[in-house]
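J.: Listed below are the residues making up each chain.
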Amino acid sequence: KNQVEQSPQSLIILEGKNCTLQCNYTVSPFSNLRWYKQDTGRGPVSLTIMTFSENTKSNGRYTATLDADTKQSSLHITASQLSDSASYICVVSSRGAGNKLVFGAGTILRVKS
Amino acid sequence: DGGITQSPKYLFRKEGQNVTLSCEQNLNHDAMYWYRQDPGQGLRLIYYSQIVNDFQKGDIAEGYSVSREKKESFPLTVTSAQKNPTAFYLCASNLLAGGFDEQFFGPGTRLTVL
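So the sequences go chain by chain: F and D.
Under the working numbering, the first residue of the first sequence carries the number 1, and numbering increases by one thereafter.
Under the working numbering, the first residue of the second sequence carries the number 114, and numbering increases by one thereafter.
Just chain F, same shape as in the assembly:
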C-alpha cells in the first residue's frame, strides 16, 4: 500500500533554533517527492520538489534531502523564525496513471519567541 509517514506529529522549538522533520514513504513506482508548507486555514505552498536522482535541494533556510534507497526524506529548517510556524507536508508522486500524489499527514511546527 502506498503510504507516507511523517514524524514527529508536532514540534515546538525556540526562535533561532534549527529543526529537522522526517518523512518515510512506501510509494512505488516513485516519481518525485515534494515538501509543502501550509499555514493555518490556507492552501499548501510548495517548498521543494526532488526527483529520484536528486539527494538535496535548498530553498532559502529550508533544505530537503532524499535517500531513494531507504525511501526517506528530511526537511531541515535553519535559524527558525516565528513565521515558520505551520504544518509541513511531505508528498510523494507515483509514476502511475493520473500523476497520483500520496500525502503525509504533516508535521505541525510551532516556533516560540
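To be clear, the hints were calculated from the coordinates, so they are not data collected in a lab.
Remember, predicted model here, so these are calculated numbers, not experimental data.
Any given hint could turn out to be false.
To be verified - As a list, the in silico DSS-like pairs of lysine-lysine whose alpha-carbon atoms are at most 30 Å apart: (1) D/Lys183 x D/Lys122; (2) D/Lys184 x F/Lys100; (3) D/Lys122 x D/Lys170; (4) D/Lys170 x F/Lys71.
Use these hints to put chain D onto chain F, whose structure you have.
T.: Below, chain D alone, put in the same frame as chain F:
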C-alpha cells in the same frame, strides 16, 4: 494576479442540503483537482480533471459531484449523500495533464454542517 481562487472561504450547510464550492484558475493549467483535508490526516483526492469536459473519481468520490465545462473552472458540489461533509476543501491545478510538475493550491473552503 495569477493563481487559484476558491469561494466562499467559509460555508455553512444544513443537513440535507447540496452546496457548491467554486474553484477558478487563470494559470492556463490543464489539470485540476479537489482534495479534502481532515485533522490529522493527509489530503485525500475527491475528483480530478485532466481536460475540459472530462473528469475522474478520486479515492473518496462518493457524495460529491463535479463539472469541467471551462478550462478555468472546476466546481465541486457536496451532496446530501455525503454523510460527513464537514472538512477543509482544497482545489489544486497543474500545467500538464498527467504531468509531474508542481501542483498549485487554492486558499481553501471550510465547510461546516450545522
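J.: Honestly, which of those hints from before does the structure not fit?
T.: none
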